[in-house]
Amino acid sequence: MDITRLIIVAVGGQGNLLASKVLGEAALLAGVPFRMSEIHGMAQRGGVVESAVVFGDANSTIISDGGADILLGFEPLETMRAMNKCNSETTVITNLSPLPPFTVAIGKGTYPDVEQLRKLIAAKVKRLLAFDGLALAKEAGNPMALNMVLLGALIQSNTVPVTAEQVKTAIKTKTKPAFVDVNLKAFDLGFEAAAKAA
Amino acid sequence: MHKLLVDNPGEKLLLLGNEAIARGAIEAGVAFATTYPGTPSSEISLNLFQMSHQSDLYFEYSTNEKVALEVAAGAANSGLRTMCMMKHVGLNVAADPLMTLAYVGVKGGMVVLTADDPAMFSSQNEQDNRYYSKLSGLPLLEPSSVAEAKEMLIYAFDLSEKLGEPVLFRTTTRINHSSAFVTLGPITPPQTKGDFEKDPLRYVTVPAVSRKLHVRLLENMAKAAGISETSPYNLVRGEGKFGVICNGVSFNYATDAINELGLGDRVRVLRVGMSNPLPSKMIVDFLKDCEKVLVVEEGEPFLEEAVKALAQEAGLTLKIAGKGKDLLSRLYEFSPTIVSQAMANYFGVKYDPPEAVDVADLPEAPMRPPNLCAGCSHRATYYAVKKAAEGMETIYPSDIGCYTLGFLPPLQMADFLICMGSSVSSSCGFSRATGKKVISFIGDSTFFHSGMTGLVNAIFNNHNFTLVILDNGTTAMTGHQPHPGVDMSDFNLEGYGRVSIEEVVKAIGVKKVTVINPYKVAKSIEAIRETLEFEGVSVIISRQMCTLYAKSLKKIKVRAFTITDKCKNHRICIDTLACPAFYLEGGKVRIDPDVCVGCAVCAQICPENAIRPVKKSG
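Listed in order, the protein sequences are those of chains A and B.
125 is the number that the numbering used here gives to position 125 of the first sequence; each next residue is one higher, with no gaps.
242 is the number that the numbering used here gives to position 242 of the second sequence; each next residue is one higher, with no gaps.
Chain A on its own, in the form it takes in the complex (with noise of 0.2 Å):
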C-alpha cells in the first residue's frame, strides 16, 4: 500500500509519544503496516521530542529533510523548527500557542512572531492547518490533552490511513481510564477546529 510519512514534533512533556503510540494502536485495529522511531534521550528535560511515523509499505522508521507528508507540530517554534522536512506538498497541522524556550528567557534568541510565522509556513506548503490546540485542549478539561486536540485535526485532515472511529477506540483503551472523557472531548474538538481552520 502507498507509504504516508508523518513527523509529530514537540516540547518534552506535550505528550506526543503518547499520541504517536495511540496512532499505532489505530493502525493496528485498521491492518494499516506501522512503524516509528522516536528521540526521547532528554524528553523530560525540556528538549525537543521528534517522532516519525510511517504507515504502509516502507521499512525505514526515520523520514529524510523534504519527506514528510504530514508534519503535526504541538508548538509553533518546533513546527518551524521541523520545516526542512517538509517539500511543497506537506500537510502542516499546528498548534499555534507558544511555549517559549528558555534560551528566549535569558537573551538568547527572540521566539519568532506566530502571525508571521503562520503566513511564511502557509506559502511553502499545500495545506496550513493552525489554530490554538491549547485553548481547546483547555476546554476540554485540561492542558495535557493537547496531543489529542492534534490527534483530532491529525485525523479530520484525512492524510492518514486511519480512522476516527480506530483513533477512538485506542484512546479508550490505550490512555488512563481518567483522562478517557477528556481524551476524547479534546479529540473531537480538534477534529471541529480542523474542518473551521481548513
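Do not take every clue at face value.
Listed next, with one range per pair, are the computed distances between beta-carbon atoms [as the list claims (entries may be wrong)]:
1. B:491 with A:114: 41 to 47 Å
2. A:114 with B:557: 33 to 39 Å
3. B:3 with A:126: 38 to 44 Å
4. A:126 with B:488: 53 to 59 Å
5. B:612 with A:100: 21 to 27 Å
6. A:57 with B:570: 57 to 63 Å
7. A:57 with B:612: 57 to 63 Å
8. A:29 with B:491: 32 to 38 Å
9. A:173 with B:460: 55 to 61 Å
Below 30 Å or equal to it, Euclidean Cα-Cα: the simulated DSSO-like pairs (lysine-lysine) are [to be verified]:
10. B:288 with B:134
11. A:172 with B:12
12. B:554 with A:174
13. A:108 with B:588
14. B:3 with A:174
15. A:138 with B:615
16. B:551 with A:138
17. A:119 with B:588
18. B:588 with B:551
19. A:174 with B:555
20. B:512 with B:387
21. B:557 with A:138
22. B:554 with A:172
23. A:185 with B:551
24. B:3 with A:172
Some chain A residues near chain B, calculated using beta-carbon distances under 10 Å [claimed, not checked]:
25. 34
26. 62
27. 120
28. 125
The hints are simulated quantities; they were obtained by calculation from the structure and are not laboratory data.
The beta carbon of each residue, even a glycine, is placed where N, CA and C say it ideally should be.
Guided by the hints, dock chain B onto chain A, whose structure is given.
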C-alpha cells in the same frame, strides 16, 4: 500482569524495540539478568526489572557494567540462561571480563547486549561495538527491525548454548527506540536453579589453562563460522548484477532505496545478521554474481574491509566500495535519502531526492536545549559552588548524568568530561599539573559506578581537590533507576541492602567531608567555602532528591513561588539560575506556577526579597 508476561502466542502488539527485546528474553526462558542502565538500552532492563517482581526471573541493577557482566558470568556458568545489557560505552567498562569470559565460555545461554548510539543522541561517542566481536572472538548478531530483534534474541540464546560461548547482540538507537507490530511467541518457563561443577583447569584462567582455552575459543570460532554460512539471519534477497551488502537498520534504508530508485530487477542484497564470524563462503558466492558491490553500514567500515579482504583471497576484482566521498560516511546515522543518494551515485542511476521547502526566509529559531528541571538540586549546588569559589582560579571536571547539562550558560560549571567516573581521576591530573583549584562533580550513581576507585587513588597519591557528590537519590538521567545508595523501600521492595556515600567516603580516608542541603543557599555557600580551603582531598555531599523523582514518589509538596511588585528587574534570578520556571512578560520576569516546584532557591538570592510563595486563594 506485565504486558510482556502474558503468554498469548500469536497476539500482535505494538512494541518499542526495547520491549520487544525484553519479550524475546522472556520467550527464550531467561532466568537471570543484569545491567547498568544506559540510553538507548534502558527500557530493556526497566521492563525486566518490573517483570522480575511478577515472575521467577532474577534481575539486578549492578553497580557498573563490569560488575554486571561478572555477576552474569557466574550465573551463566551455573547453567542459567542469562542476559547482560548495557549501552555501547558500557561494554568498554565490561571489556575486561568479556575478553576472558570468551576463553572460559558459558554453560547456560548468555547474551550480552550492546546498544550502540550512532549520531550520539545521548552518548559521549559513537563507537562501533561490532569490533568487540573481533577482539573477543565472540559471535555477533545484529537485528534490522523491532520484530526481528525479538526473534533473533531467542536464536542468540540457542546459539550461545550450541557454542558454549556468550553471544554479542548489537542494536542501534533506531532499533531500541523504534516501535512496530510484534507477534508474540510462546513463553519458555525459565530454569531458575543452577549448579556449578568445579573444574579448575577449565575455569581458573592462569596462563597454563588460558593457553588451552584460547585453542578452545578458536575451535569455537571455526564452528561458529560454519553456523554463520547457514544462519537464517544471513540472507540474500533479489536478483541483479549490482550488489548491496548491509547490516542492521541499513538494510531497511537499502530496501526502501531499491524500491524508490526502481532498481528491483538490478540489485541483489546480502543482509548480514550474524556478522561475526562472517559467512565467508556466502559472501564470496554473492560477489561472484555481482559486477559491483556497495557496502551499506553505519559507523566504521567493518563489513567493507572484510568483504574486500574476502574478494582478494578469492581472486575477485569487482569494484567494492562503501565509505567515501559521494558514497557513505563513517559519521552519524544514515537516512533513507543518504542511502538512496549513495546507491544512485554508485550504480549510476538518477535520483530525485525529496525537495525540502526553502527555509531561508524563516526567522532564526532560538535553540531549545535540554535544561536542568525547575527546582533541580544540581542548579542550586552549582550556584552555591560558583559563589563559594568566586575569585579563585578553578577547573571543573564533570561526569555523566543530568548534571552534565550544567555546562550550558549561564551556569557553565563543566570543563572536562570523557567517561563515567572521569571527574574524580582527571581531577588528580588537573590539580597536580596546574596547581589550580580543582572542583569536580559526580552524581551518586556514577560515584558507585566508577568514582570510588578514583577517590581511593586520590587519597593514596595525596592529591589536592574538592569532589562534589551530587546525591539526588536516584539514577536520574536514564529514568530513575535505583543504585546502591537508594532506599529500596521507596519502591516497596524488600531484600536490599543500602550503602551510605558518606560512610564510604570517610572509610576511603577523606579527612574533610561536608554534607549540604543545596536548597539552603547561604548555609551551603558558607560550608562549601570552608571546605574549599582544605588542603588535600575534600568531599562535599550535596543531598537533595531529584525533583522529578520526588514528584513521582509524591515526596514533595509543590508550593509555587511568584514575583511580587517589589521586583526591581535586576534579573539576577533568571540570569544566574536559568530555571525553566522563569519567563519574560513585557520585559518583566515571571514564574510559571505550573512549572515552579517551590525549591525557593531564587527567593534566597533575590536582593529585593521580591520572590514569595503564591498565596493560597480563598
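Hints versus structure:
no.: 1; hint: B:491 with A:114: 41 to 47 Å; verdict: holds, 44 Å
no.: 2; hint: A:114 with B:557: 33 to 39 Å; verdict: holds, 36 Å
no.: 3; hint: B:3 with A:126: 38 to 44 Å; verdict: holds, 39 Å
no.: 4; hint: A:126 with B:488: 53 to 59 Å; verdict: holds, 55 Å
no.: 5; hint: B:612 with A:100: 21 to 27 Å; verdict: holds, 24 Å
no.: 6; hint: A:57 with B:570: 57 to 63 Å; verdict: holds, 60 Å
no.: 7; hint: A:57 with B:612: 57 to 63 Å; verdict: holds, 60 Å
no.: 8; hint: A:29 with B:491: 32 to 38 Å; verdict: holds, 35 Å
no.: 9; hint: A:173 with B:460: 55 to 61 Å; verdict: holds, 60 Å
no.: 10; hint: B:288 with B:134; verdict: holds, 25 Å
no.: 11; hint: A:172 with B:12; verdict: holds, 18 Å
no.: 12; hint: B:554 with A:174; verdict: holds, 24 Å
no.: 13; hint: A:108 with B:588; verdict: holds, 16 Å
no.: 14; hint: B:3 with A:174; verdict: holds, 12 Å
no.: 15; hint: A:138 with B:615; verdict: holds, 24 Å
no.: 16; hint: B:551 with A:138; verdict: holds, 23 Å
no.: 17; hint: A:119 with B:588; verdict: holds, 29 Å
no.: 18; hint: B:588 with B:551; verdict: holds, 29 Å
no.: 19; hint: A:174 with B:555; verdict: holds, 28 Å
no.: 20; hint: B:512 with B:387; verdict: holds, 20 Å
no.: 21; hint: B:557 with A:138; verdict: holds, 24 Å
no.: 22; hint: B:554 with A:172; verdict: holds, 27 Å
no.: 23; hint: A:185 with B:551; verdict: holds, 28 Å
no.: 24; hint: B:3 with A:172; verdict: holds, 17 Å
no.: 25; hint: 34; verdict: holds, 7 Å
no.: 26; hint: 62; verdict: holds, 6 Å
no.: 27; hint: 120; verdict: holds, 6 Å
no.: 28; hint: 125; verdict: holds, 7 Å
Every hint from the earlier list agrees with this structure, and none is contradicted.
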